[in-house]
Amino acid sequence: TLGGAAPIAVNMDSIAQEGILFTNCFANGYRTDRALPAIISAYPAQPTTSIMKDVTKTDNLPSIPRALKDVGYNMTYYYGGDANFTNMNAFLVSAGFDRIISDKDFSLEDKLSKWGAHDHHVFARCIGDIKNYTDEVPKFAIIQTSSSHEPFEVPYNNPKISDKKANAFAYADSCLGDFVAKLKEIGEWEKSLVIIVPDHYGAYPSRQEIQNPVDRHRIPLIFTGGVVKEKQKIETIASQVDIAATLLYQLGIPHDQFVFSKNILNPSSPHYAFFVDQSQFGMVNEDGEVVYNCDSEKVKYISDSCDEDNLVFGKVFLQKLYDDLDKR
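Counting in this note's numbering, the sequence shown runs from 55 upward without gaps.
Heads up, some of the hints might be wrong.
[As the list claims (entries may be wrong)] Pairs of lysine-lysine, PhoX-like flavour, derived with a Cα cap of 25 Å: (1) Lys-381 <-> Lys-111; (2) Lys-287 <-> Lys-245; (3) Lys-193 <-> Lys-283; (4) Lys-236 <-> Lys-165; (5) Lys-111 <-> Lys-374; (6) Lys-238 <-> Lys-287; (7) Lys-193 <-> Lys-285; (8) Lys-283 <-> Lys-245; (9) Lys-374 <-> Lys-107; (10) Lys-193 <-> Lys-236; (11) Lys-158 <-> Lys-168; (12) Lys-236 <-> Lys-285; (13) Lys-107 <-> Lys-168; (14) Lys-219 <-> Lys-168; (15) Lys-165 <-> Lys-219; (16) Lys-238 <-> Lys-285; (17) Lys-123 <-> Lys-185; (18) Lys-193 <-> Lys-238; (19) Lys-107 <-> Lys-158; (20) Lys-369 <-> Lys-381; (21) Lys-374 <-> Lys-352; (22) Lys-123 <-> Lys-111; (23) Lys-165 <-> Lys-185; (24) Lys-283 <-> Lys-185; (25) Lys-218 <-> Lys-168; (26) Lys-123 <-> Lys-245; (27) Lys-245 <-> Lys-285; (28) Lys-193 <-> Lys-123; (29) Lys-238 <-> Lys-283; (30) Lys-381 <-> Lys-107; (31) Lys-369 <-> Lys-111; (32) Lys-193 <-> Lys-245; (33) Lys-218 <-> Lys-165; (34) Lys-158 <-> Lys-193; (35) Lys-354 <-> Lys-374; (36) Lys-236 <-> Lys-283; (37) Lys-185 <-> Lys-158; (38) Lys-369 <-> Lys-354; (39) Lys-352 <-> Lys-369.
It should be emphasised that the hints constitute simulated quantities derived from the structure, not laboratory data.
Let the hints inform the model, and build the full structure from the sequences given.
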């Protein structure tokens, strides 16, 4: 909710209570082409470049799908829009996905959104495939939604929500709720792990309503499904790049190749979150928060508890990131 408005993400709130909610997680970037490498390859976003647009670089990235494929998993990516947008298709192929379901796989009647098929069609396509799953081969799938994006025109109208953007987010939330209900209905929930994570901060609330540049990057991260045995909230500082190490460790799969990823559940790991906007970076850890503009070479925001060491840490991390990027 925002400012006393009607609840928007009621299904996500309910789903979070059934699993593990990471309450202090951050999006590494500000656009989908920055977010997908962070989530899938545990590769941090950069302020001025997009590694997803450079095929010579993405071919050399590790990925969760590749790590899972090595132990027998089958991979599918679901998206209602054009998979070639911002070189996404080439990135997903190099990441190891066996199938990429996109706008061309939906009927003309289903493609009524600016971005292709509406979210409920994409979720339904995934459920249709899951119904045909066999237990012989484990499956890994990613569903990318698109309704919470301009022009925010969705086949959904919550009478309690007057804001068009908020209604679009509520629609995406309703699709998520229906998907989870279907998983339970067809008997797949108990043997599934469902990870819910935004790709970057959204258009609602607006940047004006969330003025703190650190809070704009704060996102929910949820691990749920029948395989999660203990419901809990975890306040450890983390970011999207930490999903890889956390997930693979739980599955007993090596994750050494994900050099920027940390196991959120390992108390011995250094817990921090690095994120970027255009021409600036942010660093959050237990010592405080700082945001630095690389063009003006000035601190844009710093929390009261933060000291110079945190800024130095952020600068060193960014330099190491670009050094690594140069070698890819």
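Hints, one by one, checked against the model:
Proposed proximity of Lys-381 and Lys-111 is supported: the alpha carbons are some 9 Å apart, at most 25 Å. Among the hinted pairs, Lys-287 with Lys-245 is consistent with the structure: their alpha-carbon atoms are about 21 Å apart, no more than 25 Å. Distance restraint check for Lys-193 and Lys-283: the Cα-Cα separation of roughly 20 Å lies within the 25 Å cut-off, and the hinted pair is therefore satisfied. Only pairs whose Cα atoms come within 25 Å are accepted, and Lys-236 paired with Lys-165 is accepted, the gap being roughly 22 Å.
Under the criterion of a C-alpha separation no larger than 25 Å, the hint pairing Lys-111 with Lys-374 is consistent with the structure, at around 16 Å. Among the hinted pairs, Lys-238 with Lys-287 is consistent with the structure: their alpha-carbon atoms are about 23 Å apart, no more than 25 Å. About 24 Å separates the Cα atoms of Lys-193 and Lys-285, which keeps this hinted pair within 25 Å; it holds. Distance hint between Lys-283 and Lys-245 is fulfilled; the C-alpha atoms sit about 11 Å from each other, no more than 25 Å.
In summary, the hint linking Lys-374 to Lys-107 is supported, as the alpha carbons are separated by about 20 Å, within the 25 Å threshold. The suggested pairing of Lys-193 with Lys-236 holds, with an alpha-carbon distance near 17 Å, which does not exceed 25 Å. Our distance criterion of 25 Å between C-alpha atoms is met by Lys-158 and Lys-168, whose separation comes to about 14 Å. For the hint pairing Lys-236 with Lys-285, the CA-to-CA distance comes to about 21 Å; that is within 25 Å, so the pair holds.
A hinted pair counts as satisfied when its Cα atoms are at most 25 Å apart, and Lys-107 with Lys-168 qualifies at roughly 22 Å. Pair hint Lys-219 plus Lys-168 holds up; C-alpha atoms about 15 Å apart against a cutoff of 25 Å. A C-alpha spacing of about 20 Å is found between Lys-165 and Lys-219, which places the hinted pair at or below 25 Å, so the restraint holds. Restraint check: the Cα-Cα separation between Lys-238 and Lys-285 comes to about 18 Å, which is no more than 25 Å; the hinted pair holds.
The straight-line distance between the Cα atoms of Lys-123 and Lys-185 is roughly 21 Å, inside the 25 Å bound, and the hint therefore holds. Among the hinted pairs, Lys-193 with Lys-238 is consistent with the structure: their alpha-carbon atoms are about 17 Å apart, no more than 25 Å. With a C-alpha separation of about 22 Å, the suggested pair Lys-107 and Lys-158 falls inside the 25 Å cut-off, and the hint holds. Proximity of Lys-369 to Lys-381 is assessed by CA-CA distance (about 19 Å); at most 25 Å being required, the pair is judged to hold.
At most 25 Å may separate the alpha-carbon atoms for a hinted pair to count; Lys-374 and Lys-352 meet this at roughly 20 Å. Distance hint between Lys-123 and Lys-111 is fulfilled; the C-alpha atoms sit about 21 Å from each other, no more than 25 Å. For the hint pairing Lys-165 with Lys-185, the CA-to-CA distance comes to about 23 Å; that is within 25 Å, so the pair holds. Distance check on the hinted pair: Lys-283 and Lys-185 sit about 24 Å apart at the alpha-carbon level, within 25 Å; holds.
Between Lys-218 and Lys-168, the direct Cα distance comes to roughly 15 Å. Compliance with the 25 Å bound is thereby established for this hinted pair. Distance hint between Lys-123 and Lys-245 is fulfilled; the C-alpha atoms sit about 19 Å from each other, no more than 25 Å. The straight-line distance between the Cα atoms of Lys-245 and Lys-285 is roughly 16 Å, inside the 25 Å bound, and the hint therefore holds. Among the hinted pairs, Lys-193 with Lys-123 is consistent with the structure: their alpha-carbon atoms are about 9 Å apart, no more than 25 Å.
With a CA separation close to 16 Å, the supplied pair Lys-238 and Lys-283 stays within the 25 Å bound. Annotation: proposed proximity of Lys-381 to Lys-107 holds, straight-line Cα distance about 16 Å (limit 25 Å). Straight-line distance between C-alpha atoms of Lys-369 and Lys-111 comes to about 22 Å, which keeps the hinted pair within the 25 Å bound. Taking the CA atoms of Lys-193 and Lys-245, the gap is near 11 Å; set against the 25 Å cutoff, the hint holds.
This hinted pair checks out: Lys-218 and Lys-165 have alpha carbons roughly 20 Å apart, not beyond 25 Å. In summary, the hint linking Lys-158 to Lys-193 is supported, as the alpha carbons are separated by about 23 Å, within the 25 Å threshold. Distance hint between Lys-354 and Lys-374 is fulfilled; the C-alpha atoms sit about 22 Å from each other, no more than 25 Å. With a C-alpha separation of about 20 Å, the suggested pairing of Lys-236 with Lys-283 holds against the 25 Å cut-off.
Note on Lys-185 and Lys-158: the hinted pairing holds, with a Cα-Cα distance of about 22 Å set against a maximum of 25 Å. With a C-alpha separation of about 14 Å, the suggested pair Lys-369 and Lys-354 falls inside the 25 Å cut-off, and the hint holds. Only pairs whose Cα atoms come within 25 Å are accepted, and Lys-352 paired with Lys-369 is accepted, the gap being roughly 12 Å.
Violated hints are absent here; each numbered hint is respected by the structure.
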